[in-house]
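Undergrad: Read off the chains here:
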Amino acid sequence: MLTDVDKKVVAAIQGDIPISQRPYKELAESIGISEAQFLEAVRKLHDQGVIRRFGATIRHQKSGFSANAMVAWKVDEARVHEAGKIFAGFKGVSHCYRRNPVSTWPYNLYTMIHAQAQEECVEMAREMAHAVGVEDYNLLFSKRELKKTSMEYFPFDDDD
Amino acid sequence: MTVDRDKFAMDATDKAIINRIQSDFPRTERPYAAIGQEFGLDEAQVIERVSRLKESGIIRRIGGNFVPDKLGFVSTLCAARVPKDKVEMFTEAVNQYPGVTHNYLRENDYNIWFTFISPSMDEIKANLSEISAKTGVEDIINLPATNVYKIRAQFEL
Chain R
1 MLTDVDKKVV AAIQGDIPIS QRPYKELAES IGISEAQFLE AVRKLHDQGV IRRFGATIRH
61 QKSGFSANAM VAWKVDEARV HEAGKIFAGF KGVSHCYRRN PVSTWPYNLY TMIHAQAQEE
121 CVEMAREMAH AVGVEDYNLL FSKRELKKTS MEYFPFDDDD
Chain B
1 MTVDRDKFAM DATDKAIINR IQSDFPRTER PYAAIGQEFG LDEAQVIERV SRLKESGIIR
61 RIGGNFVPDK LGFVSTLCAA RVPKDKVEMF TEAVNQYPGV THNYLRENDY NIWFTFISPS
121 MDEIKANLSE ISAKTGVEDI INLPATNVYK IRAQFEL
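Just so you know, the sequences run in chain order R and B.
Its first residue numbered 1, the first sequence is counted upward by one per residue in UniProt numbering.
Its first residue numbered 1, the second sequence is counted upward by one per residue in UniProt numbering.
In case anyone wonders, no lab produced these hints; they're calculated from the structure.
Derived Cβ-Cβ restraints for the label pairs, each shown as a range:
| # | chain 1 | residue 1 | chain 2 | residue 2 | range |
| --- | --- | --- | --- | --- | --- |
| 1 | R | Lys74 | B | Arg30 | 50 to 58 Å |
| 2 | B | Ala9 | R | Glu26 | 28 to 36 Å |
| 3 | R | Thr104 | B | Arg60 | 31 to 39 Å |
| 4 | R | Ala78 | B | Pro83 | 36 to 44 Å |
The structure presented is a predicted model; accordingly, all values stated were derived computationally and were not measured.
All C-beta atoms in this analysis are idealised placements derived from N, C-alpha and C, irrespective of residue type, glycine included.
All chains should be built: construct the whole structure from the sequences, respecting the hints.
TA: Following this line, the structure appears as structure tokens:
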């Protein structure tokens, strides 16, 4: 269970932590606890796996991975876990999930793939298809980013 | 500090620092001093480099990324089939929900793809109905993940 302090710490580190000598001290002061308490909560949330990743998020476009695509795959359910694990092993794959298909969209496995150029994404998908023996897949390149933010969990209430 | 975003080039030390801090930023009182120790730099030099990487746009943010379930939230991927002339209006309707964190226009009949995070799936379903009612876009599919095989923590530079 998350305590009220945990929730405040989550809210404090879900944005951008200051680039300064004592960032945790600054954040701790902003929510009225000590630096030691703050760090203890961060470590606990990390150890418990509530924090999945703690660190810098980079912009792919600026770091050489300018092309990305979502690939939706239609994989035989009997082999979907095996396929998911094989896809996960590809270096260019950042995310791989199984999702339930629906009548108008029969795909059940999803990957985000990243490369230097669109043609490389196409080629990577071809290799992945070959590795798993799947023929029915759909590459969905993004034409436009319409929104990209981080989730705001437990925003501070005005009456806090 | 002014950094020309287009001309900025990372050196080997910048890349090493980024690789070091993507998934395991130090959780100690003086994190930049700790990083400096590993690279033979002093704290001020690390702060300067990281500030520059932030300013140049290579680093989007430094902070925590959470497992929604463990905070009592659910997440899903949604896709909608939106007629061309309704794309702007639909986007505006969808993006106003704070739980919609990512939204992309993609090349497919299902052309709008967005992620939705919320305290419950019922709330997400209710929000999707609300969006349909408001925009007239009926075909919105809801595709929550049932299994996770990979979420990469790190882009090796």
